[in-house]
Amino acid sequence: MALFLSVLEQGMIYGILALGVYITYKILDFPDLTVDGSFPFGAAITVRMIGGLGLPAVWTLPAAFVGGALVGMCTGLIHVKLKVRDLLSGIIMMTGLYTINLWIAGTGYVAIFDKENVFNNSFVKSILPSFLLDFKNVIIIFLITLAAKYLLDWYMRTKSGFLLRAVGDNDTIVTSLGVDKGLVKIVGLSIANGLVALSGCIYAQQQRCFEISIGTGAVVIGLASVIIGTSIFKKATFIRVTSSVVIGSVLYKACVALAMYAGINANAIKLVTAALFLLILVISTDRRRVKGC
Amino acid sequence: MLELINITKNYNPGSVNEICLFKDFNLKVSDKEFVSVVGSNGSGKTSMLNIICGSIGVDSGQILINGQNIVKQKDFVRQRRIGRVYQDPSKGTCPGMTILENMSVAENKGKPYNLRRGVNKARIEAYRDMLRPLNLGLEDKMGIKVGTLSGGQRQALALLMATMTPIDFLILDEHTAALDPKTAEIIMELTDRVVREKLVTTIMVTHNLRYAVEYGSRLIMMHAGNVILDKSEEEKRRLNTDEIMGIFNRISVECGN
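Respectively, the protein sequence lines represent chains A and B. Counting in our numbering, the first sequence runs from 1 upward without gaps. Counting in our numbering, the second sequence runs from 294 upward without gaps.
Read the hints as simulated data drawn from the structure, not as lab findings. From the three backbone atoms N, C-alpha and C, an ideal C-beta is built for every residue, glycine too. Careful, some of the hints might be misleading.
Okay, the calculated beta carbon distance ranges per label pair [unchecked claim]: (1) A:A274 <-> B:Q366: 22 to 32 Å; (2) B:N359 <-> A:D180: 42 to 52 Å; (3) B:P388 <-> A:D180: 28 to 38 Å; (4) B:P459 <-> A:D180: 41 to 51 Å; (5) A:V84 <-> B:Q366: 44 to 54 Å; (6) A:N265 <-> B:G444: 47 to 57 Å; (7) A:I283 <-> B:E482: 42 to 52 Å; (8) B:P388 <-> A:D114: 22 to 32 Å; (9) B:C313 <-> A:D180: 23 to 33 Å; (10) B:P474 <-> A:I283: 41 to 51 Å; (11) A:L143 <-> B:R374: 42 to 52 Å.
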């Protein structure tokens, strides 16, 4: 049961990250490695605000989102204004953020065990009936993920969101519409990294600590989730892509948990991750080949 | 009125591969003119369109729209008053979005792309009325993705989208070249109708000499970065395709093609 809950919690937390990766990878067609830096960036902001500054935990959510959005904006500016290639822009930001994350958090490991967080506070305790207290994490994470998903769905249906979809589809048309396509990309990268940092913020509160290495491989987890989600529900019209991406993330976490349960050494986790990602990529491309395109 | 004055453009300047595309190129297009442009490959037709739209820069010269020099304006700023249809049918539409979404995003051109709802439900019937005269059955498929449409259907939609908002110029870049003859004919008739209805100044590059003679109010032939033939509406009426073909062949032979 505890294992199941933990898979669900982590899956949904990384589901928010996957929503961000979905924007860059699927919509913008931008391989954004900033994610490896913006995920711990959100976490670093969170532990600093809760631990160091003693601010209310709910404030960390918007703060992390805005912080992440600024980071994404920098990646976008480097790519669009300084004309650095997409992959390299992300690598530059990711590398620089490592130091910035250390500055913000103070050290490479910061614990906030004894502090109130979004899961553990007097408000949650007063509002939830006692039999649900065991499930408080999963309920709160579910609500936040759902809100993030619906906000993204809503945004994608606005005029601005239409432009974002258009720029990844065919950027010539964005120019024809009299809009600076570079600006649209910057907006997309901001929203994406805002979501990633939000995911890092919730992760830090669920784990009750910050560790500098949590960002390593974050982009791979995001990509794997997006690819699992979009290939499994490729034909399903009743489910929105954003939902399938979150479900993909939960499935991915379940796979990793299964591998661990089967007795794979915790040190081998990154190798398992890489192998799983490769497997998912091969399976999803095989299908495309059968369909003949 | 659109004026290109003393446009000079070199490709790969300073290298051994330097190619002089335009040297002191001049062209004047009056309001409501429908100019057909023909010429062999490499004669500078498409480059001229790209220069007008700002997709490529110039080394020197002026581009005036109603007397205002726009040479320093960014491409996306210029294109706010230009509608453009490309040779490649996939360039004028968004394949991953539905017909309805494509038309909605096109209709918003010139207005802010803000956080209001992308599709205005009250406009759906109006869009349907715009699609119906195309006779392609698109009015019943507004919810399907444009990527699944045929080239001709996409091109018709692209033409519609390019002319949905008030524009000063319509730029057609070999927009029938990638289509089969029958579809090309339909798109060409549609083009003619749209231009007549909207009374928009149009520049159409084409490889089809018959279209160039049959449609439009002025015909220009380009060769090696120069206008070598410029026929007004009256002169054009007396022309036939064979004569144009004759001139076209002559310059091609001179060129060694």
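Can the suggested window of 41 to 51 Å be confirmed for the beta-carbon pair P459 (chain B) and D180 (chain A)? violated (21 Å)
Can the suggested window of 42 to 52 Å be confirmed for the beta-carbon pair I283 (chain A) and E482 (chain B)? holds (48 Å)
Given the hint of 22 to 32 Å, is the C-beta distance from P388 (chain B) to D114 (chain A) inside that range or not? violated (54 Å)
Quick check: does the Cβ-Cβ distance between P388 (chain B) and D180 (chain A) fall within 28 to 38 Å? violated (22 Å)
Starting from the hint 23 to 33 Å, judge whether the C-beta atoms of C313 (chain B) and D180 (chain A) obey it. Roughly 31 Å apart at Cβ, these two residues keep to the hinted range, so it holds.
Do the Cβ positions of N265 (chain A) and G444 (chain B) conform to the proposed distance bound of 47 to 57 Å? holds (55 Å)
Do A274 (chain A) and Q366 (chain B) keep their Cβ atoms within the hinted range of 22 to 32 Å? Given range 22 to 32 Å: violated, Cβ gap about 49 Å.
For the pair N359 (chain B) and D180 (chain A), does the Cβ-Cβ distance stay inside 42 to 52 Å? The hint (42 to 52 Å, Cβ to Cβ) is violated, given that N359 (chain B) and D180 (chain A) are roughly 24 Å apart.
Supplied distance hint 44 to 54 Å, evaluated on CB atoms of V84 (chain A) and Q366 (chain B): Between V84 (chain A) and Q366 (chain B), where Cβ atoms are some 25 Å apart, the hint is violated.
For L143 (chain A) and R374 (chain B), compare the CB-CB distance with the range 42 to 52 Å and indicate the outcome. holds (47 Å)
Should the hint that P474 (chain B) and I283 (chain A) are 41 to 51 Å apart at their CB atoms be regarded as holding? holds (43 Å)
Taken one by one, the earlier hints fail for this structure at numbers 1, 2, 3, 4, 5 and 8, listed in ascending order.
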